Amino acid sequence: MSVLIFVENWDGKFKKLSFELISYGAKVAEMLNTEVVALSVGYVEESELVKLGNYGATRIISAVSDNMNVFDSQAYTSIIADIAKQEHAKVIILSNNNSGKAVAPRLSVSLKAGLGAGVSKLPLSIDPFIVYKKVYSGNAFSNLMIKTDISILTLAQNSFELIETANNAGITKVVIDWNGLSVKTKVIEVQKQSGKILLTDADVVVSGGRGMKSPDNWPPLAELADLLGAATACSRPVSDEGWRPHEEHTGQTGKIIAPNLYFAIGISGATQHLAGVSSSKFIVAINTDKDAPIFSAAQYGIIGDAGKVLPKLVEAVKELKGK
Amino acid sequence: MKILVCISNVPDTTTKVRFVDDYKKLDITGIQWVINPWDELSLTRALELKEDPSNNIQTVTVAHVGLVSAEPTIRKALAIGADDAIRINAEPSDSFFVAAQLAQVLNTESYDLILCGIESSDFNGSSVGGMLAEFLGYPSVSSVSGVKVENGQFFINREIDGGKEIVSITTPAVAIVQKGIAKEPRIAAMRGIMMARTKPLKVLEPTAMESLTEVVGYEMPKPRAACKFVDSENPRQLIELLQNEAKII
Numbered sequence: 001m002s003v004l005i006f007v008e009n010w011d012g013k014f015k016k017l018s019f020e021l022i023s024y025g026a027k028v029a030e031m032l033n034t035e036v037v038a039l040s041v042g043y044v045e046e047s048e049l050v051k052l053g054n055y056g057a058t059r060i061i062s063a064v065s066d067n068m069n070v071f072d073s074q075a076y077t078s079i080i081a082d083i084a085k086q087e088h089a090k091v092i093i094l095s096n097n098n099s100g101k102a103v104a105p106r107l108s109v110s111l112k113a114g115l116g117a118g119v120s121k122l123p124l125s126i127d128p129f130i131v132y133k134k135v136y137s138g139n140a141f142s143n144l145m146i147k148t149d150i151s152i153l154t155l156a157q158n159s160f161e162l163i164e165t166a167n168n169a170g171i172t173k174v175v176i177d178w179n180g181l182s183v184k185t186k187v188i189e190v191q192k193q194s195g196k197i198l199l200t201d202a203d204v205v206v207s208g209g210r211g212m213k214s215p216d217n218w219p220p221l222a223e224l225a226d227l228l229g230a231a232t233a234c235s236r237p238v239s240d241e242g243w244r245p246h247e248e249h250t251g252q253t254g255k256i257i258a259p260n261l262y263f264a265i266g267i268s269g270a271t272q273h274l275a276g277v278s279s280s281k282f283i284v285a286i287n288t289d290k291d292a293p294i295f296s297a298a299q300y301g302i303i304g305d306a307g308k309v310l311p312k313l314v315e316a317v318k319e320l321k322g323k
Numbered sequence: 001m002k003i004l005v006c007i008s009n010v011p012d013t014t015t016k017v018r019f020v021d022d023y024k025k026l027d028i029t030g031i032q033w034v035i036n037p038w039d040e041l042s043l044t045r046a047l048e049l050k051e052d053p054s055n056n057i058q059t060v061t062v063a064h065v066g067l068v069s070a071e072p073t074i075r076k077a078l079a080i081g082a083d084d085a086i087r088i089n090a091e092p093s094d095s096f097f098v099a100a101q102l103a104q105v106l107n108t109e110s111y112d113l114i115l116c117g118i119e120s121s122d123f124n125g126s127s128v129g130g131m132l133a134e135f136l137g138y139p140s141v142s143s144v145s146g147v148k149v150e151n152g153q154f155f156i157n158r159e160i161d162g163g164k165e166i167v168s169i170t171t172p173a174v175a176i177v178q179k180g181i182a183k184e185p186r187i188a189a190m191r192g193i194m195m196a197r198t199k200p201l202k203v204l205e206p207t208a209m210e211s212l213t214e215v216v217g218y219e220m221p222k223p224r225a226a227c228k229f230v231d232s233e234n235p236r237q238l239i240e241l242l243q244n245e246a247k248i249i
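Protein chains in written order, with our numbering: chain A, 1 to 323; chain B, 1 to 249.
Only chain A is shown next, with the shape it has when bound in the complex (with noise of 0.2 Å):
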């Protein structure tokens, strides 16, 4: 019996998402009194599997080929259904990521699994085994039953802490029959975004709404992320008027976000909005309503106008980082 944690790596590399879902899983093995085992798929280099170990990991599976050029989500499935059978997986963790998305669910399908998404806290118990995750979009969590053998689970974004606890894992190789998966999806185009930090990945997101006015006033709002090492962000009238991509929207039916600190500039926070950043550990808002919802949802708030008030907080910044 194991815990298997599929563990996605970004050119080769691991980052902290991938440490949070082995510490996560090596609590999970813990309540359940099994092993910890980390699946990569994708070539790694030693150095950085062994890294899985500090988090939790007891074992390694590196499944490699050099054929493989796209992320299939069927061969993905199909590769992490077999190593499920193998290792006798009795929970299957994957990130609520892009690929977690993608994979989960056709695994639910593939082992007959019931799948948890986006759970946010360990299994509220084992026999039954209950997850705890949000529904109606952060309004409400539920306590939902898995009632198979075996139970899929993809793990929110920042929602569990590091534990590092070393183990010396060892590394076991395998390699894919890639060709043998009869691939059917070839990618065409890659365009990647360089030397921004990703909004997903970001602890801290400045985001800006229609209380900007306008998309010449966004040079603080990114000054003020630039000193935060922040990602920026917008509200979902600011994208879909085009003053920023739609890469940036969060809300509802964009990003779903939880970065420790969350600015919100001139965005009343509608439900929608809130959907998307609720699961921030702070928020600050500024607006000049005071009876915004957005008020309601943070923990820090300045009344007042975003385009007088976010060069003076940009000074701020410089100033009391300066020390």
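Worth flagging that the hints you see were computed from the coordinates, not collected in a lab.
One thing to keep in mind: the hints can contain errors.
To be clear about the criterion: a stretch of chain B counts as covered by chain A if any three or more of its residues have a C-beta under 8 Å from a C-beta of chain A, and this derived list gives those stretches [stated by the list, open to error]: (1) 47-59; (2) 66-75; (3) 171-185; (4) 240-247.
Because the structure is a prediction, the values reported are computed rather than measured.
Glycine residues also receive a C-beta, built at the ideal position from the N, C-alpha and C atoms.
Mind docking chain B on chain A? Use the hints.
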């Protein structure tokens, strides 16, 4: 070519969610039911594709798993412009059950592209599209922010961590759709509403299938502490609070 759009019937996104039966059931009193926002965007894009004759798309069909009470939502999809609709007459108990029911539609009819919203705004499961693809053995692409047709071939934009990819896919296939696929959901016009009344809506009986998961209870989010206000003339105080009180920067 034919497109199938799977739609879910969800409470309007501004609904104040309440529960009854000791937090075991949603209180449906006064709820307005709508097409799940991502499904509505999928439908909009499907209709846009059909309107360009060079894409050679003959029909756009919507499919829904639910009871007769969901028919107004299905009629709305027809009013927006879908050609016909299929309802599988069953209470949608979990995503595995729903995907299995949708898969049976494909037993009698074939579609080249199936569009599913990436999640529903009620259960936020991000599951049905991928599950349906696996049931059918079709390829799937998730986090889709664009679909186009060139020479009978589907090209799909998908969001990846840190960028975008254009992917070609062999049909039949499932595209699991998010924001960006269409600019704004299309609204039904009066003519569409009139026409929707006579468009075909086929009702199928469900196949026997279990569910793998079950909601055993709901909880409301913990209320946040009251907002602490800082004078707009002195934002420095805000930064100090974030540094010393919240210890977050």
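Checked hints:
1. 47-59: Since 0 is below three, the answer is violated.
2. 66-75: violated (count 0)
3. 171-185: holds (count 7)
4. 240-247: holds (count 5)
Violated hints, listed in ascending order, are 1, 2; each of the other numbered hints is respected by the structure.
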